[in-house]
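K.L.:
Chains as they are written, first to last, in our numbering: chain L, 348 to 779; chain Z, 348 to 779.
No wet-lab data here; the hints were simulated from the structure. Treat each hint with caution, since some may be false.
Said to hold, decoys possible - Okay, the calculated bits of chain Z under chain L, using three or more residues with CB under 8 Å as the criterion:
1. 436-444
2. 563-576
What the hints assert, rightly or not - Residues from chain L that face chain Z, not an exhaustive set, calculated with beta carbons under 8 Å:
3. Val378
4. Gln653
5. Leu674
6. Ser678
7. Glu682
8. Asp685
9. Val691
10. Glu692
11. Pro696
12. Phe724
13. Thr727
14. Asp754
15. Tyr767
Please read these numbers as outputs of a predicted model, since none were measured by experiment. Note that CB positions come from ideal geometry on N, CA and C, so glycine has one too.
Protein chains: 2
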Amino acid sequence: MRSIRELAPLGASAPSTPSGVESRSRRGRAVQRAIGRRLQAAIGAAPIGFVLPNGEELRPAARTPLGRIVIRDVRTLVGLVGPSRDLWFGDGYARGEIEVEGDFADVLEAIYRASRPQSVLERVGRRWRRLRRRRNTLAASRDNVHHHYDLGNEFYSLWLDREMVYTCAYFRHPDASLEDAQLAKMEHVARKLRLRSGETVVEAGCGWGSLALHLARTRGVRVRAFNISREQIAFARERARAEGVTGCVEFIEDDYRNVSGRCDAFVSVGMLEHVGPEHYADLGRVIDRTLAGEGRGLLHFIGRSQPREFSPWVERRIFPGAHPPTLREVSAVLEPADLAILDVENLRPHYARTLEHWLTRFETHHDEVARRFDERFVRTWRLYLAGSIAAFRTGSLQLFQVLFARDGASDVAWTREHLYAGTPSEEARAAN
Amino acid sequence: MRSIRELAPLGASAPSTPSGVESRSRRGRAVQRAIGRRLQAAIGAAPIGFVLPNGEELRPAARTPLGRIVIRDVRTLVGLVGPSRDLWFGDGYARGEIEVEGDFADVLEAIYRASRPQSVLERVGRRWRRLRRRRNTLAASRDNVHHHYDLGNEFYSLWLDREMVYTCAYFRHPDASLEDAQLAKMEHVARKLRLRSGETVVEAGCGWGSLALHLARTRGVRVRAFNISREQIAFARERARAEGVTGCVEFIEDDYRNVSGRCDAFVSVGMLEHVGPEHYADLGRVIDRTLAGEGRGLLHFIGRSQPREFSPWVERRIFPGAHPPTLREVSAVLEPADLAILDVENLRPHYARTLEHWLTRFETHHDEVARRFDERFVRTWRLYLAGSIAAFRTGSLQLFQVLFARDGASDVAWTREHLYAGTPSEEARAAN
Numbered sequence: 348m349r350s351i352r353e354l355a356p357l358g359a360s361a362p363s364t365p366s367g368v369e370s371r372s373r374r375g376r377a378v379q380r381a382i383g384r385r386l387q388a389a390i391g392a393a394p395i396g397f398v399l400p401n402g403e404e405l406r407p408a409a410r411t412p413l414g415r416i417v418i419r420d421v422r423t424l425v426g427l428v429g430p431s432r433d434l435w436f437g438d439g440y441a442r443g444e445i446e447v448e449g450d451f452a453d454v455l456e457a458i459y460r461a462s463r464p465q466s467v468l469e470r471v472g473r474r475w476r477r478l479r480r481r482r483n484t485l486a487a488s489r490d491n492v493h494h495h496y497d498l499g500n501e502f503y504s505l506w507l508d509r510e511m512v513y514t515c516a517y518f519r520h521p522d523a524s525l526e527d528a529q530l531a532k533m534e535h536v537a538r539k540l541r542l543r544s545g546e547t548v549v550e551a552g553c554g555w556g557s558l559a560l561h562l563a564r565t566r567g568v569r570v571r572a573f574n575i576s577r578e579q580i581a582f583a584r585e586r587a588r589a590e591g592v593t594g595c596v597e598f599i600e601d602d603y604r605n606v607s608g609r610c611d612a613f614v615s616v617g618m619l620e621h622v623g624p625e626h627y628a629d630l631g632r633v634i635d636r637t638l639a640g641e642g643r644g645l646l647h648f649i650g651r652s653q654p655r656e657f658s659p660w661v662e663r664r665i666f667p668g669a670h671p672p673t674l675r676e677v678s679a680v681l682e683p684a685d686l687a688i689l690d691v692e693n694l695r696p697h698y699a700r701t702l703e704h705w706l707t708r709f710e711t712h713h714d715e716v717a718r719r720f721d722e723r724f725v726r727t728w729r730l731y732l733a734g735s736i737a738a739f740r741t742g743s744l745q746l747f748q749v750l751f752a753r754d755g756a757s758d759v760a761w762t763r764e765h766l767y768a769g770t771p772s773e774e775a776r777a778a779n
Numbered sequence: 348m349r350s351i352r353e354l355a356p357l358g359a360s361a362p363s364t365p366s367g368v369e370s371r372s373r374r375g376r377a378v379q380r381a382i383g384r385r386l387q388a389a390i391g392a393a394p395i396g397f398v399l400p401n402g403e404e405l406r407p408a409a410r411t412p413l414g415r416i417v418i419r420d421v422r423t424l425v426g427l428v429g430p431s432r433d434l435w436f437g438d439g440y441a442r443g444e445i446e447v448e449g450d451f452a453d454v455l456e457a458i459y460r461a462s463r464p465q466s467v468l469e470r471v472g473r474r475w476r477r478l479r480r481r482r483n484t485l486a487a488s489r490d491n492v493h494h495h496y497d498l499g500n501e502f503y504s505l506w507l508d509r510e511m512v513y514t515c516a517y518f519r520h521p522d523a524s525l526e527d528a529q530l531a532k533m534e535h536v537a538r539k540l541r542l543r544s545g546e547t548v549v550e551a552g553c554g555w556g557s558l559a560l561h562l563a564r565t566r567g568v569r570v571r572a573f574n575i576s577r578e579q580i581a582f583a584r585e586r587a588r589a590e591g592v593t594g595c596v597e598f599i600e601d602d603y604r605n606v607s608g609r610c611d612a613f614v615s616v617g618m619l620e621h622v623g624p625e626h627y628a629d630l631g632r633v634i635d636r637t638l639a640g641e642g643r644g645l646l647h648f649i650g651r652s653q654p655r656e657f658s659p660w661v662e663r664r665i666f667p668g669a670h671p672p673t674l675r676e677v678s679a680v681l682e683p684a685d686l687a688i689l690d691v692e693n694l695r696p697h698y699a700r701t702l703e704h705w706l707t708r709f710e711t712h713h714d715e716v717a718r719r720f721d722e723r724f725v726r727t728w729r730l731y732l733a734g735s736i737a738a739f740r741t742g743s744l745q746l747f748q749v750l751f752a753r754d755g756a757s758d759v760a761w762t763r764e765h766l767y768a769g770t771p772s773e774e775a776r777a778a779n
């Protein structure tokens with residue numbers, strides 16, 4: 348990846364001394380340096396340098412630094428050592444007041460790995476944010492989803508794979524292409540669910556419809572797919588019409604809480620993050636009333652190994668109302684409905700790889716995105732993608748696929764060998 | 348399996364009318380019948396008949412009954428409709444006051460499936476037992492383990508596989524032999540842990556040493572294996588001497604809480620059930636201080652999909668101090684230690700199959716066991732094995748293998764394909 352500086356030329360092309368600083372007192376310099384030292388201490392052994400607003404450079408102890416963080420604004424510099432440092436960093440980067448030199452994801456990864464454990468103040472802040480997180484009422488969910496997913500299908504088509512899958516892919520080999528990996532992910536999910544021709548599937552949160560279409564196409568199942576993103580549903584319906592499968596795939600613009608009818612399989616890929624723990628019991632009730640006695644279900648979601656909200660910046664700028672659950676928190680969906688976990692797979696490294704593909708493609712389309720939106724939007728998304736790479740690489744985020752069934756179901760797979768038999772099915776290849 | 352009546356000839360060879368009953372009043376008969384009707388109602392649609400102490404038979408609605416439960420004692424009959432029905436059934440069966448005709452496991456399975464949801468009284472009882480369950484202090488753990496595992500190695504060798512593995516096997520095919528399935532289980536665990544030659548392994552709760560020996564033999568690792576059962580440790584040490592591997596496998600008679608040193612892999616198969624939720628944080632601390640940064644760990648245990656103690660009879664007669672955790676409860680081991688779940692596999696049907704093998708072999712050795720202990724012991728163990736089959740078939744119990752690592756570990760398997768590549772390694776076969 349080219350350095351971020353190359354990619355994002357801003358008015359100020361190099362670390363400069365903001366106007367008037369020259370005339371400021373020696374004390375001003377000392378304060379900046381003191382704050383810079385605190386920043387260095389906060390990232391511990393990470394081989395990252397800093398350039399302060401006054402132009403002074405603080406080099407890391409490491410001989411071969413990974414990169415430099417250039418801070419162009421004094422207020423931002425001060426914000427970076429306060430309790431909202433995450434917001435100051437994110438917004439400062441988006442506004443161009445912070446520049447990152449070096450591979451963005453690598454720099455962020457090094458900082459994540461080296462950062463000191465959170466302070467008491469930060470822990471209190473986290474608790475507070477947890478209490479204060481937007482409740483996902485039907486209306487709030489619609490707003491939250493609209494914020495992120497209704498940015499225009501053309502925007503997403505610039506950098507997603509050709510199937511338009513906006514969730515973690517499954518790379519059978521680390522060097523597989525993104526297109527193959529997204530297809531393999533859908534195959535992996537289909538195999539886990541052991542779908543048989545003629546069965547019915549409910550999909551909660553169907554994105555642009557790729558999985559629903561894949562299942563109908565390759566498994567001969569009837570799918571009812573729900574989503575509250577108007578733009579995604581319109582896109583998915585158009586695909587179903589174009590493929591001539593409207594008879595077996597129905598795209599429904601509605602909330603998961605309004606799912607009705609029965610199904611043999613319940614699948615949800617990338618929606619649980621948007622449900623919120625206060626609604627896990629609701630989701631459990633929906634699955635309980637929908638899923639047949641011998642039915643199978645799968646939840647695929649971004650999670651955590653320790654309970655914690657998304658970072659304040661991600662929650663405010665990227666995914667309002669979202670929450671990455673631990674497996675413990677997910678029990679609130681399954682336990683009351685007498686559902687037993689059959690299989691959990693953690694695909695964390697696959698999401699880092701998926702995001703690397705997305706970021707590379709996103710950067711390729713930098714100019715188009717900047718024209719469609721603006722430079723600040725580009726920088727916000729760049730930070731979101733690179734920061735997510737770092738979060739999955741360092742294990743701050745995890746990716747879980749949880750397969751479940753009624754706790755006494757007799758129709759369960761004897762082993763998991765069938766998931767790994769041969770290459771993806773011929774039908775799946777033929778259809779693509 | 349032969350019918351239990353054939354297998355366990357008791358003094359009273361057929362449902363008989365206890366002495367004196369003939370002369371009792373019509374009212375006595377009416378009371379017995381009323382209780383019998385309540386029993387029938389309690390097992391709902393299960394095709395099981397009852398024979399009351401007065402000789403009266405209550406047939407099930409089903410045309411082809413699976414079996415009959417013969418109750419020979421009035422006090423036991425009354426106990427079966429009270430809040431401690433589980434204890435009355437277990438102890439009544441052990442004493443020969445209850446006889447079960449038909450395939451024992453099938454009859455119990457039908458009852459489990461058809462039983463009405465628990466009453467308020469039972470739920471209160473469960474809460475109470477949860478509060479009152481024996482705490483597993485170091486001394487209590489030793490007593491609890493001694494109660495079950497120190498019954499004599501020869502007793503267990505009568506009906507376990509030749510490797511003496513007393514935990515759920517892994518049947519690559521449902522018709523695999525028990526010997527192959529226990530070997531396959533050890534292979535499966537070894538593959539999940541991705542052991543490399545020269546690495547160190549800590550095993551907590553090592554039974555008769557089979558897994559520790561298998562890992563040393565097939566993977567070239569050094570194993571320190573802990574167990575507080577004196578008889579099992581003595582047996583395991585003898586095996587290590589006989590195999591000439593005392594240099595790489597050390598069997599230590601000590602509690603998991605006293606594990607020290609460092610390891611590349613931490614494995615525990617069938618011990619977590621005996622730890623008790625109040626000590627999960629202790630176990631987490633042990634793993635945390637023991638496991639290397641890039642280490643892997645595996646917990647294999649009997650669990651539940653909903654939180655609930657073992658039945659009062661199992662807890663009192665079979666496994667004092669034991670508790671089958673849900674995955675939610677197990678988070679108390681992993682979360683505080685920053686350990687992330689990589690893989691969960693539910694092997695429930697495999698434990699039903701394992702227990703079927705054990706029960707068949709146990710019955711084959713009925714006379715030897717009865718000579719060594721007594722008829723009551725035989726009947727207690729028969730009920731424990733058949734009841735466990737029913738519990739795993741119906742999903743009242745589950746069997747989880749949980750693989751974990753530090754949440755940001757970089758040395759994690761890219762996919763799970765390596766678990767299913769080819770047949771068990773040649774070394775493993777050669778060594779057996």
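K.L.:
Look at each hint and say if it fits the structure.
P.N.:
Taking the hints in turn, this is what the structure says about them:
Using a Cβ-Cβ cut-off of 8 Å, 0 residues of the stretch 436-444 of chain Z lie near chain L, which falls short of the minimum of three, so the contact claim is violated. With 0 residues carrying a beta carbon less than 8 Å from a beta carbon of chain L, the stretch 563-576 of chain Z misses the three-residue requirement, and the given coverage is violated. For the restraint placing Val378(L) at the interface with chain Z, the shortest Cβ-Cβ distance is roughly 35 Å, beyond the 8 Å limit, so the hint is violated. Restraint check, Gln653(L) versus chain Z: the minimum CB separation of about 6 Å is within 8 Å; hint holds.
Hint status for Leu674(L): holds, given a least beta-carbon distance of 6 Å to chain Z, under 8 Å. Against a cut-off of 8 Å between C-beta atoms, the interface hint on Ser678(L) holds, since the closest Cβ of chain Z lies about 4 Å away. Against a cut-off of 8 Å between C-beta atoms, the interface hint on Glu682(L) holds, since the closest Cβ of chain Z lies about 6 Å away. Of the supplied interface hints, the one on Asp685(L) holds, with its beta-carbon coming within about 7 Å of a beta-carbon of chain Z, less than 8 Å.
Look at Val691(L): its Cβ gets to within about 4 Å of chain Z, closer than 8 Å, so that hint holds up. Checking Glu692(L) against chain Z: minimum C-beta separation of about 6 Å stays under 8 Å; hint holds. At a threshold of 8 Å, the smallest CB-CB gap from Pro696(L) to chain Z is about 6 Å, leaving the interface hint in force. Here the hint on Phe724(L) is broken, as its CB sits about 30 Å from the closest CB of chain Z, past 8 Å.
At about 25 Å, the closest approach between the beta carbon of Thr727(L) and any beta carbon in chain Z exceeds 8 Å, and the interface hint on this residue is violated. At about 4 Å, the closest approach between the beta carbon of Asp754(L) and any beta carbon in chain Z falls short of 8 Å, and the interface hint on this residue holds. A hinted interface residue such as Tyr767(L) counts as satisfied when its beta carbon comes closer than 8 Å to some beta carbon of chain Z; here the least separation is about 5 Å, so the hint holds.
In this structure, the earlier hints numbered 1, 2, 3, 12 and 13 are contradicted, and the remaining ones agree with it.
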